Structures are given as C-alpha cells and as structure tokens.
Amino acid sequence: MKTQQPELQFRVLDRVVAQGRTRLESMFRETMSDLSQLSRESLDDEQRHELDSLLDAYRLVEELVMELVSLKEDLMLRARSESGRVRCRT
Amino acid sequence: MSHLNIQASPEEVLVLMEASMLFYARCEYEKAEKVLRGALVMSPGNSDIYACLGALYHAQDRLDEAYECYEQALKGCPSEECARSNRATLLMQRGKAEDAIQELKRVIQEHDPSNPVVERSKELLKVAESLVTRKTGAAG
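Heads up: the sequence lines are chains C and X, in that order. For what it's worth, my numbering labels the leading residue of the first sequence as 134, then goes sequentially. For what it's worth, my numbering labels the leading residue of the second sequence as 2, then goes sequentially.
Honestly, the hints are just simulated from the structure, not real lab data. Please note: incorrect hints may appear among the correct ones.
Short derived list, chain X residues pointing at chain C, Cβ under 7 Å [claimed, not checked]: (1) Leu5; (2) Lys35; (3) Gly39; (4) Glu66; (5) Pro114.
Keep in mind the model is a prediction, meaning the values are calculated, not measured. All residues carry an ideal CB built from backbone N, CA and C; glycine is no exception.
Kindly produce the complete structure, drawing on both the sequences and the hints.
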C-alpha cells in the first residue's frame, strides 16, 4: 500500500535538471565547502555519522540528476531527429 | 554529543526531499531513506521530512518507525495533514479504528476540502467507521 506523501511538485529538481549539473553544484557549493573544512578526527561519532549521511545523500541526488539530465538530452535529441525527418518528408 | 552545524539553504533541503520522492515513486526505498536522512542533517526536526520518512517506512511495513516519524512530524507541526492521515491509516492497521476516526475528522475539519489529503481522509473515514460498526456488531 502506498502511503500519502506530502505534496511536492518537483519545482527545484525541475530547475536543476533544466539547467544541468552546474546548477546542482552551485546550489551545494557553500555547504560542500563548509563540509570540506571539517576534519573527521575532530568529530564525535554522531557527527561523523551525520557527515556520512549527508555525503551519501548528495551522492545519490547527484546521480539522480545526472540520470535525468541524460534522459532529457536523449529525448531532445530524438525530438530533433524526428522533426528533421518530418522536414525531409515535406 | 552534538549535531553538525550545517547552514543549508531551503532550496537544498527541498531538492533532497524532491529526489527522495522520486526514489520513493520508483520503489527505491533505501535510496529515498538515505536522502531523507541527509535532509534531516541539514534541517533537524523538519516536520515535512519526518512526514516523508514516516510514509516511506509505512510503505515498507516498518510500522513502529513510521509511527515514531509521524509523531515527530506532528510534534513540530500539528497541522501536517499527510502525517496525520497516514497515522490514522496506521492506527487502523493496529486495530484502533476509533482513534483513527478522531485523527481523520481533524484532518477534514482543519484543511481545505480541495486538498487531496482531505479527499483521501474522507474515504479512509468511511473505512474506519465501517470497521467500528463491524466491531460493535460482532461484540453485540
């Protein structure tokens, strides 16, 4: 049984996919820079666990965005080639 | 022990939540959970994230964890309608239809009738009421 999820309209993800990977990088830049200044040795177990969770989450979102960007490009390429074929016929 | 002090923008939190929704829709629950756990590091105590996490556990029949997340979501934001309506479903699954009815009535009273969660709550209310009727019928 699927449970009800809060209503989200993928507005941010839409924008990120439309603008490509650099949009995601610029969105995460500041936080990633904060994270890169942390030294693992200075963190306690809980903080280390949180750091790993965050890095895992970033990695998964990045992979997802890359997949969606590549899907979008593939569709655009196909659409372009279809419209080229239509033009040849007319 | 203390938490990491991360100053993430609301947009960052939102993109993580949206990504988790997509993983959830594709039944990639492990990935959805990891992304939501990361979002919680960015925004500790965020009711929307707890509501999503609750729904995710619920979909996997991890009912105790789901209940705990709904509790957290409603503690931070008592008007969080998804968490309340999902908690009502969970209560029904646990045979507590009377409690579920109270939760569902509250969702219906407090939110706009055009809200899809309200529509769903009305349907769930019918189910919960029929469960109570059946139970009282069997007892009497």
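Hint check results:
Hint on X:Leu5 holds. Least Cβ distance to chain C is approximately 5 Å, under the 7 Å limit. Hint status for X:Lys35: holds, given a least beta-carbon distance of 5 Å to chain C, under 7 Å. A hinted interface residue such as X:Gly39 counts as satisfied when its beta carbon comes closer than 7 Å to some beta carbon of chain C; here the least separation is about 2 Å, so the hint holds. The beta carbon of X:Glu66 is not positioned within 7 Å of any beta carbon in chain C (closest approach about 13 Å), and the interface hint is therefore violated.
A least Cβ separation of about 15 Å between X:Pro114 and chain C goes past the 7 Å threshold, and the interface hint is therefore violated.
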